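Using the hints provided, position chain B relative to the given structure of chain A.
From first to last, the protein sequence lines stand for chains A and B. Numbering-wise, the first sequence is residues 1 to 132 according to my numbering. Numbering-wise, the second sequence is residues 1001 to 1130 according to my numbering.
Quick caveat, the hints were computed from the structure, so don't treat them as lab data. A quick note: this is a predicted structure, and the numbers were derived from the prediction, not measured. Keep in mind that the hints are not guaranteed to be accurate.
DSS-like cross-link-like pairs, simulated, lysine-lysine; straight-line CA separation at most 30 Å [claimed, not checked]:
no.	chain 1	residue 1	chain 2	residue 2
1	B	Lys1054	B	Lys1125
2	B	Lys1008	A	Lys5
3	B	Lys1012	B	Lys1125
4	B	Lys1101	A	Lys5
5	B	Lys1021	B	Lys1101
6	B	Lys1012	A	Lys5
7	A	Lys5	B	Lys1054
8	B	Lys1021	B	Lys1008
Some chain B residues judged to face chain A by a derived CB distance under 8 Å, without partners named [as the list claims (entries may be wrong)]:
no.	residue
9	Met1038
10	Val1047
11	Val1049
12	Leu1063
13	Val1123
Cβ coordinates follow ideal geometry from the N, Cα and C atoms, glycine included.
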Amino acid sequence: MAHSKPPLHRPLSPHLQIYRPALTMIMSIVHRITGAALYFGTVILAVWLMTAATSASSFAVVHGFLGSWFGQLILIGYSWALLHHMFGGIRHFVWDTGRGFGADERHLFAVLTLVGSVLSTGLIWVVVYSVR
Amino acid sequence: MSDATSMKTPMKRVRGLGSAKTGTDHFWTQRLTAAATMLLALALVVVLVSTVGKDAVAARAVLAQPLVAVLLLLFIVSGIAHMRIGMQVIIEDYVHEEGAKVIALGLNTFFSATIAVVCLFAVLKLSFGG
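If we strip away everything but chain A, and leave its shape as in the complex, we get (with noise of 0.2 Å):
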């Protein structure tokens, strides 16, 4: 390795603490945090599809879990930052290209993330809860 020096102690760049919270910068940490809930969730997905393949009584009592209040408490908030992080994503694509940067744009972006996804959860559930 060429590690030749001993590292500098330099001042480093300030991080979250030091800023006034903006609802850009907290969209912006939502969307890490619902794509570290939705990594581990995956466990979820996993084991639903593991106990349908083993057999139906295991996945009898999987499906019961998943449909308690406590199960439903899980998927709604599983699908909410699910829709959230594909949001976000879409808001990143639209970045990817060059444009909205702006204040005005960003500020646009996270109120419409925010909206979008409180929406788009709320409709699944309305139609999920209306079918069974």
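Just chain B, lined up with the frame of chain A:
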């Protein structure tokens, strides 16, 4: 160290430490898997909602349908590839100690691979029976 009398040029110290030539790989893969996962997730939401209220046997029958199985397989591959890169970025942002970082990055791959194989195996088993 190269001083005025040394035959070594500064080039000696930087050779082999340059770009790995894969600089935009993760960026581009993350965009492609994002687009794919988004489209597949929207299709699968319809499938999942259609299993609501069904008993276990009927729900399993839906998952075993060829088109549903293919969508699920694509979704798993795309989604897991996406989340692995995403978690790698998070780890690299927050874990600076070299040993812990290497371990965390390894665990990230182990977790992603395990979830992927379990999901893929389950979907294939549902389709092919046995």
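* With a cut-off of 8 Å on the beta carbons, see whether Val1123(B) makes it to chain A. => This interface hint holds because 6 Å falls under the 8 Å limit.
* Asked: Are Lys1054(B) and Lys1125(B) close enough, with their CA atoms no more than 30 Å apart?
  -> Roughly 20 Å separates the two Cα atoms, so the pair holds.
* **Pair hint outcome, Lys1021(B) versus Lys1008(B) [Cα-Cα no greater than 30 Å]** => holds, 26 Å
* Keeping to a limit of 30 Å between CA atoms, is the pair of Lys1012(B) and Lys5(A) held or broken? -> holds, 16 Å
* To do: Could you grab the alpha-carbon distance between Lys1008(B) and Lys5(A) and see if it respects the 30 Å cut-off?
  => Status holds; Cα separation ~18 Å.
* **Given hint Met1038(B) near chain A, where the shortest CB pair must fall under 8 Å** => For Met1038(B), the interface hint holds, since the closest Cβ of chain A sits about 5 Å away, which is under 8 Å.
* Asked: Taking 30 Å as the top limit, are the C-alpha atoms of Lys1012(B) and Lys1125(B) close enough?
  -> Status violated; Cα separation ~56 Å.
* Asked: Is Lys1021(B) within 30 Å of Lys1101(B), Cα to Cα?
  -> Satisfied, since the Cα-Cα distance of roughly 22 Å is no more than 30 Å.
* **When the least beta-carbon distance from Val1047(B) to chain A is tested against 8 Å, hint result** => violated, 13 Å
* Proposed interface contact between Val1049(B) and chain A, which counts if any beta carbon pair is under 8 Å -> holds, 6 Å
* Is the straight-line distance between the alpha-carbon of Lys1101(B) and that of Lys5(A) 30 Å or less? -> Satisfied, since the Cα-Cα distance of roughly 22 Å is no more than 30 Å.
* Hinted pair Lys5(A) and Lys1054(B), Cα distance within 30 Å -> violated, 66 Å
The structure fails hints 3, 7 and 10 (numbered hints given earlier, in ascending order).
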